[in-house]
Amino acid sequence: MTSYVGTGFPKVIEDKNVGWVLIKAQKVTGGVSSVDFEDGTNSVVIDGTYDEYMFVLTNLHPASNDEGIAFQVNASGESGYNEVINSTFFRAKHGESGASHQSVDYVDSYDQGGGGTSHQRLCNDVGNEDEESVSGTFYLYAPADGMKVKHFISRMVECHSSDIIMDNYAAGFINTYKPIDEIKFLFTSGNIDSGTISMFGLVKS
Amino acid sequence: MGYVGLNPQSYLDYQGAGSQPTAGLELVDSNVDFTGESTIEFSIPANGYDSYEFYMVNIHPATDSTAFGFQFNAEGASGFNENITSTMFKAEHNEGDSGTGLGYHTASSQGNGTSYQRMSYDMEIDNDEAFSGVLTLFAPSSTTYVKPFMAKGSYIHHSGKYSQNTFTAGYINTASAIDEISFKMESGNIDAGSIYMYGVK
Numbered sequence: 199m200t201s202y203v204g205t206g207f208p209k210v211i212e213d214k215n216v217g218w219v220l221i222k223a224q225k226v227t228g229g230v231s232s233v234d235f236e237d238g239t240n241s242v243v244i245d246g247t248y249d250e251y252m253f254v255l256t257n258l259h260p261a262s263n264d265e266g267i268a269f270q271v272n273a274s275g276e277s278g279y280n281e282v283i284n285s286t287f288f289r290a291k292h293g294e295s296g297a298s299h300q301s302v303d304y305v306d307s308y309d310q311g312g313g314g315t316s317h318q319r320l321c322n323d324v325g326n327e328d329e330e331s332v333s334g335t336f337y338l339y340a341p342a343d344g345m346k347v348k349h350f351i352s353r354m355v356e357c358h359s360s361d362i363i364m365d366n367y368a369a370g371f372i373n374t375y376k377p378i379d380e381i382k383f384l385f386t387s388g389n390i391d392s393g394t395i396s397m398f399g400l401v402k403s
Numbered sequence: 387m388g389y390v391g392l393n394p395q396s397y398l399d400y401q402g403a404g405s406q407p408t409a410g411l412e413l414v415d416s417n418v419d420f421t422g423e424s425t426i427e428f429s430i431p432a433n434g435y436d437s438y439e440f441y442m443v444n445i446h447p448a449t450d451s452t453a454f455g456f457q458f459n460a461e462g463a464s465g466f467n468e469n470i471t472s473t474m475f476k477a478e479h480n481e482g483d484s485g486t487g488l489g490y491h492t493a494s495s496q497g498n499g500t501s502y503q504r505m506s507y508d509m510e511i512d513n514d515e516a517f518s519g520v521l522t523l524f525a526p527s528s529t530t531y532v533k534p535f536m537a538k539g540s541y542i543h544h545s546g547k548y549s550q551n552t553f554t555a556g557y558i559n560t561a562s563a564i565d566e567i568s569f570k571m572e573s574g575n576i577d578a579g580s581i582y583m584y585g586v587k
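Protein chains in written order, with my numbering: chain U, 199 to 403; chain X, 387 to 587.
FYI, nobody ran anything at the bench for these hints, they're computed from the structure.
Here a beta-carbon is modelled for each residue, glycine too, at the ideal position from N, C-alpha and C.
Each hint should be verified, as a subset may be incorrect.
[Said to hold, decoys possible] Some but not every residue of chain U turned toward chain X, in silico, with C-beta under 7 Å:
1. 217
2. 218
3. 257
4. 261
5. 280
6. 301
7. 329
8. 331
9. 333
10. 363
Using the sequences and the hints given, assemble the complete structure.
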């Protein structure tokens, strides 16, 4: 266990008695097809204990060039990671070579509607050179709610294979009233070569 | 029931259900209610945390129509002039309800540039106006990858009282570890504000 190293009480404790707590961190050091978090497995909790879940993705490196990180979920009692998702996707970019590739745009091909059950892209096409990777945060709101659809918001910073910074925004909802209790992250093709995904829960208080 | 003991981190660590969580968001350093500073700098511990979050509260410029930003030093380097490739876009709406927009801001993005990375531009200097936001820096101690960062902020543009919501992201284009960060205005002092540095682990 790490200890508190600050100079004074953490503001999350001092002010509100609430905060994020680490539930599970998974570090990939040798190629895996996906990183999964399943309620009740390997100390993972995805239930009503927490109001909101945050996943911090750090330096995820694809084994294959030009692949995007993505996610899907299972509702309670389901399998196959194929829930219906409605989503939006846009991103800003800038190339390393001076004033190149400067824009912010919606990307039609990366959103989902009409009952889509694909893995939801969270970024564009990450390069697989040694120094290239994707990092960011993904939030899942109230997955245990049995009345409402389940919202998510994601922001991923990516080293695109063409030496372009991509600032990617995906958001949407999982179109089911059932509780969600399993989530997986994977590249659109090929293994996750290395990286860390840490899962946090927002404490109810 | 809130925390009543002497060890806040133990409370943070153990209030979750299931197995006992092992870490969380920890305050590493802060500079609270500073006034009249040219720069605010923090050391970044080697291999201290997976990522860091800097919470910037009511950052007020001493000079009108300037920009607030940040730069880094790689280990052993000085001058806060690392190569950065970055993007910035913003949403805006004025107090008069007559102007709105969403667009890319080319002057605040860089292609392997060494300038301080803007999180705002053309800031208003009135006493009741300031910049607030959060900056996330991923894996600064890595000696393999470039260093991604992303920020979002809110402030008031000096022309027309526009609420500006900025989104900045990029990477520090070095495989060397990053061990220092500096915040400053493009011109003039930081008149006042607070910055909190948290480690995420």
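Verification of the supplied hints:
For residue 217 of chain U, the shortest C-beta to C-beta distance to chain X is roughly 6 Å, which falls under 7 Å, so the interface hint holds. Taken as an interface hint, residue 218 of chain U checks out: its beta carbon lies about 5 Å from the nearest beta carbon of chain X, inside 7 Å. For residue 257 of chain U, the suggested interface contact is upheld, since its CB lies about 5 Å from the closest CB of chain X, less than 7 Å. Because the beta carbon of residue 261 of chain U sits about 15 Å from the nearest beta carbon in chain X, more than 7 Å, this interface hint is broken.
Hint status for residue 280 of chain U: violated, given a least beta-carbon distance of 26 Å to chain X, over 7 Å. Taken as an interface hint, residue 301 of chain U checks out: its beta carbon lies about 6 Å from the nearest beta carbon of chain X, inside 7 Å. Below 7 Å, beta-carbon pairs count as interface contacts, and residue 329 of chain U has one with chain X at about 5 Å; its hint therefore holds. Hint status for residue 331 of chain U relative to chain X: holds, with the closest Cβ pair at about 5 Å, below 7 Å.
Because the beta carbon of residue 333 of chain U sits about 4 Å from the nearest beta carbon in chain X, less than 7 Å, this interface hint is met. Evaluation of the residue 363 of chain U hint against chain X yields a held restraint, the C-beta minimum of about 5 Å falling below 7 Å.
Hint violations for this structure: numbers 4, 5, all remaining hints satisfied.
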